[in-house]
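Residue numbers (this note's numbering), protein chains in the order written: chain A, 5 to 413; chain B, 986 to 1300.
Think of the hints as simulated: they come from the structure by calculation, not from any bench.
For each residue, glycine too, the CB sits at the ideal point set by N, CA and C.
Be aware that one or more of the hints could be misleading.
Claimed, not checked - On the chain B side, residues computed to face chain A include the following (Cβ under 10 angstroms):
#, residue
1, L1063
2, P1146
3, Q1177
4, A1192
Unchecked claim - Straight-line Cα separation of at most 16 angstroms, EDC-like style, residue types lysine to aspartate or glutamate; simulated pairs:
#, chain 1, residue 1, chain 2, residue 2
5, B, K1229, A, E352
6, B, K1229, A, D350
7, B, K1229, A, D351
8, B, K1078, B, E1056
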Amino acid sequence: MARGDEQGRRRRSGDQAPGRGVRFRIGPFTGRLSDVTPLDIDALLDDHSVHIVVCCGSGGVGKTTTSAALGVRAAERGRRVVVLTIDPARRLAQSLGLEQLDNTPRPVRGVDTSTGGGLDAMMLDMKRTFDEVVEAHASPDKAEQIFANPFYQALSSSFAGTQEYMAMEKLSQLRTHLSGEPGRDGRWDLIVVDTPPSRSALDFLDAPERLSSFLDGRLIRILLAPARGPARVFTAGISVVTGVLSKILGGQMLRDVQTFVSAFDALFGGFRARAEQTYQVLKAPQTAFVVVASPDIDALREAAFFVERLEAEGMPLAGLVLNRVTDGATGGISAQAALAGAERLDDERLTAALLRLHARRLERAARERAVRRRFAGAHPGVRTATIPALPTDVHDLEALREIGDLLIA
Amino acid sequence: MTGKGGTGKTTVAAALALALAAGGKRVLLCEVEGRQGIASVFDVAPLPYDERRVAVAPDGGQVWALAIDAEAAFLEYLQIFYHLGRAGKLLDKFGVVDFATTIAPGARDVLLTGKVYEAARRRKHERPVYDAIVLDAPPTGRVGRFLNVNSDVAGIAKVGPIRNQATSIMDFLRSPQTRVQLVSSLEEMPVQEVLDSYDEMHDIGLAVGGIVVNFARESELTKTELANARNGRLDLQRIGSALKEAGINGGDSALAALEDEARQHAERVAIEAKQRRRLQDTGCPIVELPEVSEGVDLGTLYDFADRLRDCEAIS
Ligand SMILES: Nc1ncnc2c1ncn2[C@@H]1O[C@H](COP(=O)(O)OP(=O)(O)OP(=O)(O)O)[C@@H](O)[C@H]1O
Ligand SMILES: Nc1ncnc2c1ncn2[C@@H]1O[C@H](COP(=O)(O)OP(=O)(O)O)[C@@H](O)[C@H]1O
Ligand SMILES: [Mg+2]
Ligand SMILES: [Mg+2]
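Kindly produce the complete structure, drawing on both the sequences and the hints.
Encoded structure:
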């Protein structure tokens, strides 16, 4: 989870994602919803050249729900799907059978497999994924040493971006089971990836870069210096730094840092290489990004950033899923007429109350349309599908199917 | 102040600061996530690492604000405790500051909470500089580790300056002077996270003051009407004639739309009632703040502050 130094990261990654208070254009006031092309979800799921669907967006907008719904629908349309969820709501996890945290995909019961498809699901365990990476790439001795080091515990459980990074690692592990590519066992032909609940939708793309810039950092090189042999000449600056460090941290802690860094040294290269490789896969046409947003200004601003970023990186955007959209059907009563009518009814309290409810819904729908228009004005090419706000939470297969149906309605 | 992301931590923290400042008090509102949330709710320019007055409260109180930045707090700490002038800069240049504030386990949290601790104990003319401090803390998923600074650094420092600092901060957080306030909307996930956090705080030995239910919606419908709406038993004939009386001639489609909306509304109210009961089961004092459909502005904050004043849930 994003726990690290937010400002430092912004500085390093050089992007300009604004704080919420910054009045950022999400688009002009002149956009038109009638110009928006619908996103055909079934065409996306039926396209067998697409092997990875990534759902991204800012926190709480419905990424996990959308990923799960896409997974169920694709499976019931005949694809062999694995969905990688991150932090699902407890009851959703229960109904998908995701409660055991063993970090491997398990079949989801209750999915209709008559078309030859199937659905496996898993929930990311970030610490465990990190442990797996260490086990796979370090000698047993080194691995033991790393696991025992307090700094590894911190890096694997709380470093800003570790969750995003481990989602990438898990994705590259799952990819080795994709069909259609040489040397793969073909267990799945579609991976649906949910992304971590970070504040900014961009965190997911920036995490590997952040981790490797940390691992490449100057301090790491200084700390490695003694381990790399006596031939290394210390500059005056470095000895001041280590002197001060041992004064502040104490000798023991400094030694812990040093052992950690040198034990980890051998792994650094592999981390970078895999991050780079996954990044390349995300750029390939076999991948499709689905940006999820709720129809409010904060989420659409993040969505706008993401759309622009994908374009700049040449990453394949399938489209936008707008979740929890308020139904704007008037049923023949405008908001104004409803409010005026409610005024006139003093002794029909129930009807007056229903009219006010109606007006409030229409006003909300109008506000949502206004921000959506602005987004559409700035990003006219972005295909869009909508999911209405359901009155209840989404936590079983049936509700996920309903979400799937609503997505194509 | 903690809660699930987006449920209103910053908004409620700001309103609470105003409420506590009312009547001539001086309150410091802090944030720690580098997001400039305080500047945004009070609609002022981004805050530097420096205490600024952001609002005046009813009857002459003042709200000051501070965006705590871990790197700046670290350099300040080095300056105060080690008198490191130029060496501090050198540490920064070699990435030590970056290291200490991003990965060294717990160091970051010790720095951030340490700054709050310092402000809480600061005195001038033998009086505390601030009457109260409100901290807009990290969200529920991270707040336990954030506040439990002592165990956070225990793994790496058994003795030494960092450990001593962590111990004093922890004593302060566990003292009767500190309260954790939880914020939740009436949706399942935020409520679950707040309940988990409630238990976690108890385990760490921190006192929970109360729960603020944000985005609360009140229904104009009676219990019976809500039940009828859910079961499709509303008296449509009567509603239909009332519509005519009100001059609305939408016919059957209008009636169907209202009926459907009533059902959805009633379902929502039932879910919210269930979530509210789960929060009430903690036995914790609860205060509710309404959802404002036009969005929160400065006026809303003062209104929320009024609702929070003198209420048990934020004592
Ligand atoms: N009672 C309310 N009625 C309407 N809107 C509200 C209410 N409370 C908060 N909001 C709005 O909801 C959004 C999120 O609120 P806020 O930023 O306070 O939450 P937060 O918990 O601090 O979020 P984060 O986790 O992102 O820091 C803001 O746009 C805010 O104006
Ligand atoms: N269209 C919808 N209607 C009603 N509730 C929804 C809808 N989409 C999501 N939810 C609910 O909102 C909550 C957050 O959704 P989730 O998918 O976990 O968000 P994210 O993964 O983006 O953080 C869940 O409780 C989910 O059931
Ligand atoms: Mg999620
Ligand atoms: Mg906030």
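Find the hints from earlier in the document that the structure breaks and name them by number, from lowest to highest. 4
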